[in-house]
Amino acid sequence: MKVAIFPPNSMILADMIVRSGHEPLVVQKQMQKKVTSPDLDAPPFNMTENDPIDGLKYAAIEVPSGVRGRMSLFGPIIEEAEAAIIMYEAPYGFGCVGCARSSELTVFSLRRKDIPVLELDYPTSRDDTIEMVHKINTFLDMLKDKESDSDD
Amino acid sequence: MIKIAQLSCGTEYSGVQKEIEKAAETFGAQMVMPDVNLDDIDEAYEKFGLSCASSSLKLMIARAMSLVEGKNEADAVFICTCFRCAEAAIARNEVRRLIQNYTDLPVVTYSFTEKTKASELFIRMEALTTIVARKSVLAREKQEGLTLGIDSGSTTTKVALMEKNEIIGTGWVKTGDIIGCANDGIAQALEGTDYKLDDIEAIGTTGYGRITIGKAMGAKLIQEEISVNSKGAVYLADAQKGEATVLDIGGMDNKVITVNNGIPDNFTMGGICAGASGRFLDMTSGRLGVDITELGPLAQKGNYRNAVLNSYCIVFGIQDLVTSLAGGASKEDAASAACYSVAEQVYEQQLQEIDVREPLIQVGGTSLIAGLVDAVQDILGGINIVVPEYSQYIGAVGAAMLVSGLKDSEVDDSKRFK
Chain A
1 MKVAIFPPNS MILADMIVRS GHEPLVVQKQ MQKKVTSPDL DAPPFNMTEN
51 DPIDGLKYAA IEVPSGVRGR MSLFGPIIEE AEAAIIMYEA PYGFGCVGCA
101 RSSELTVFSL RRKDIPVLEL DYPTSRDDTI EMVHKINTFL DMLKDKESDS
151 DD
Chain B
1 MIKIAQLSCG TEYSGVQKEI EKAAETFGAQ MVMPDVNLDD IDEAYEKFGL
51 SCASSSLKLM IARAMSLVEG KNEADAVFIC TCFRCAEAAI ARNEVRRLIQ
101 NYTDLPVVTY SFTEKTKASE LFIRMEALTT IVARKSVLAR EKQEGLTLGI
151 DSGSTTTKVA LMEKNEIIGT GWVKTGDIIG CANDGIAQAL EGTDYKLDDI
201 EAIGTTGYGR ITIGKAMGAK LIQEEISVNS KGAVYLADAQ KGEATVLDIG
251 GMDNKVITVN NGIPDNFTMG GICAGASGRF LDMTSGRLGV DITELGPLAQ
301 KGNYRNAVLN SYCIVFGIQD LVTSLAGGAS KEDAASAACY SVAEQVYEQQ
351 LQEIDVREPL IQVGGTSLIA GLVDAVQDIL GGINIVVPEY SQYIGAVGAA
401 MLVSGLKDSE VDDSKRFK
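Residue numbers (the numbering used here), protein chains in the order written: chain A, 1 to 152; chain B, 1 to 418.
The shape of chain B in the complex, shown without the other chains (with noise of 0.2 Å):
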């Protein structure tokens, strides 16, 4: 069984605890309290030393200190806190901070409301315990035979039919319906080969339909797109020894990974706004009249200062734009402008949560977007990013090459979930 400490403040309160504790049990994890008298906790947040007045979050800081010091143990942490509470969010950041500078657990941090559920834990839970349970399958570096990886996203489908560590067949569709979606990707990596479905030896999955299409096509890999994503942009990158950060500005939610020696070791996920995401410049194109395609190089021509954009909802971001229009700004301008936007949210609402380490791996649809890559660059003052060649496959890639470590073997995750 795997241990996951909990660090946290309010999750009782917010009636949220039962949710932590079904996410964990899903992936077969079991939440921990680290155990500190209370004679303890005055010594260990003095020892810390930020000054916080709410109780539980210096019992927190205990805790966190008594997992450094080895008072306790645990596989992994999950730190949490309540959504809006600037105290907590300072303690939580700082907590994180600690754990990552003197223990080599894997964490993730969430801010929660009393409406979290246990499937919006889902995906940070599976990561975790996957790091922890699937550190040999993820430490393969490369693909075997002939597989396949679906990645099964909110707004595409991909998928990569790799053989013998080389590429051979890539599908893209717009999701839809799920499995018909995947049926299709299929075909159309197939095609141009010689090879028939059957002809696969082994099946990976990820993405938000990984487990309906995993279940259904039997697929022997069903795993979350953290370590899935991070490993394929680590591979197609080049990248797979020292440490990275992967980005990858998705179509409804945002995902910034650290990697070190290919294997994920933070992350996080946003995704509360879509003005931050993919899906805004998206809808920017189209305010345009211009294909997404063609956004990227129209956003390099222009100067996002010379038009306001600049709101953290989609809603008001696309009004901004239509202001901006009609001021007289040009369309380069406001294309610009867009990516600028999207690229300082995300830097503000998740790169600060992170220590960015070189190179960033840029990955997803989004990265195609060349417009959108160099206002991240701008952002994070020239920093050293990488576009890989199959940049929006990484998903299909990383699950079609870690499910190669997986096609002689008993694991089969279609049987896994229920």
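Next up, chain A with everything else stripped away, as it sits in the complex (with noise of 0.2 Å):
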């Protein structure tokens, strides 16, 4: 299945989504399509000012280009969705969108989508890690079961 993580970049939530047998919907997979994409010439990302445009798909023309553009790579990985899961205040090091704004409408976006989502807090104790991946392999989990049913 394919499963969206918030922050969009965090390759531990990624990681855990591949040992689980899914396929992570990560950004990094979206900036790697601009990085080799031939004609485009504004490095490191290749952002150009068709990419705020092309966020207009998903914010309107009032929200600030920054926050258009970021929406332009999540976008495609909303729409693309099977399930999410979504992790809240989480510090830089584990994954960072950099604008609040954006961040505000991408979860808005994965809650408000009718695929099943996963809502956890960052652990601050031992306990709390150990109980958060639980409860992520326990999602990913119910996730294969309602796989292998709808195969069925």
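If you are wondering where the hints come from, they were derived from the structure by calculation, not from laboratory data.
From the three backbone atoms N, C-alpha and C, an ideal C-beta is built for every residue, glycine too.
There could be a bad hint or two in this list.
Unchecked claim - Cβ pair distances, simulated, as ranges:
#1 A:ILE61 - B:GLU46: 32 to 40 Å
#2 A:LYS113 - B:THR155: 51 to 59 Å
#3 A:ASP121 - B:ALA86: 25 to 33 Å
#4 A:GLU89 - B:GLY286: 55 to 63 Å
#5 A:PRO123 - B:ASP42: 13 to 21 Å
#6 B:ASP39 - A:ILE12: 17 to 25 Å
#7 B:ASP35 - A:GLU104: 28 to 36 Å
#8 A:ARG126 - B:SER119: 52 to 60 Å
#9 A:SER125 - B:GLU46: 21 to 29 Å
#10 B:ALA86 - A:PRO123: 29 to 37 Å
#11 A:GLU89 - B:GLY382: 45 to 53 Å
#12 B:GLY286 - A:GLU79: 50 to 58 Å
Since each chain comes alone in its own frame, lean on the hints to assemble the complex.
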């Protein structure tokens, strides 16, 4: 199953999803497409003025350009997502969108979709961390069961 | 290579980072991102005291703190964030204050959209690099020899001929064909003197058409209007020592520049809405059936409170004017309200972004509209405003004055621009 994550660049969450046999939808893949595509000229991200315009599909014209630019990357991930794991209050090192307004809109867009969503707070103790890993694994197993049911 | 520290949020995701870098490179500068450790970000922004939800703004603050604490070096600072982001607007302004309070670095702030192009940033980058690279030229306080300054503005082209620290001729032409207008202005300035164009020792150009005219005329100095105008203003107002603020409400954009000992150390430029420009007053005088030169005295006789005119847009502003006149407002009151409206918008959009330092030197063609000067003074609580003689020629005078310092040097800006 295709699982979106928030923060959308969290390698830890992505790794857990891969280990469970699912496909993580991460922003790095979207960026890779831009970096390796020819005819683009704005390294390192190869974002151009057209990206915030593409982001209009997900955010209105009144929304700042940086939010719309981010949404041009996150939006296709959200569209593709069949499930999502959202982590709140994560430190920068865990994964980071950089912009509070983009975070709000991304989380809102994931919640709005009719897909299974696991929402968690970033753990602050060892016990909380163990519980968090357990919750994620249970959620991913549940997705696997759901996938097998639909295949049957 | 001049290093400009970039303190920003959203430039990459807006697709404008390359435009910023291109603008800097055009003027021989390089954008640098001050290095900060991930672990230092929280500490820096907590020390700064502004709580931001966006981590990129926290990074921007941490980068600013690293400059202030001397952990990173730069010659100038460019602060920019997304247009319309309220959180970023607060952070941008506070970071600007921090840099200005604790360093001597020239600072420029800007809010961008995805449509921001390098050409819009040219004047800001050029001004930053000029302030750093031409400090000695900007330190000049007297004009020498026979020099000519051309200010090719959006509405009018101004020319000043100077000799031995005196203005001996001026030209004033409505801008149309850039080169043709400059030639007409030069002819006006030379009229009544015994000089010909060939006698002039050096030419300096500024304003929108500065590069085109400068290249065509072999100008030794081609310089943006921020540094040139501020120099011309403090020269004409005899305020070369100490602090001052220069306010130029132009035909298309407005500039507010703070100056310390004749060298600009901060400025803002506005121009998104024509409702806050000289163009609006030009249209108002047309609607009132008076010449623009009569608008100021007319406004001084009126009371702005008797006419509602507070639109932020030139189209709606004129609609307000028509409605007010239809509602019985007098021409005097409408003229006063138009001046007050422009002054109020300049205050709200620009003067609040800068620490206004007395005296305020009001310049440009609009400074001749006495009603507008009164309105600015009123809005700023009775601040000391100076309108020097030749205030409408400050760009041309500044260019003529500054280029006199280059007339015997190897510097030739006409060869600098391709």
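Tested hints:
no., hint, in the structure
1, A:ILE61 - B:GLU46: 32 to 40 Å, "35 Å, holds"
2, A:LYS113 - B:THR155: 51 to 59 Å, "53 Å, holds"
3, A:ASP121 - B:ALA86: 25 to 33 Å, "27 Å, holds"
4, A:GLU89 - B:GLY286: 55 to 63 Å, "59 Å, holds"
5, A:PRO123 - B:ASP42: 13 to 21 Å, "18 Å, holds"
6, B:ASP39 - A:ILE12: 17 to 25 Å, "18 Å, holds"
7, B:ASP35 - A:GLU104: 28 to 36 Å, "29 Å, holds"
8, A:ARG126 - B:SER119: 52 to 60 Å, "56 Å, holds"
9, A:SER125 - B:GLU46: 21 to 29 Å, "23 Å, holds"
10, B:ALA86 - A:PRO123: 29 to 37 Å, "32 Å, holds"
11, A:GLU89 - B:GLY382: 45 to 53 Å, "51 Å, holds"
12, B:GLY286 - A:GLU79: 50 to 58 Å, "53 Å, holds"
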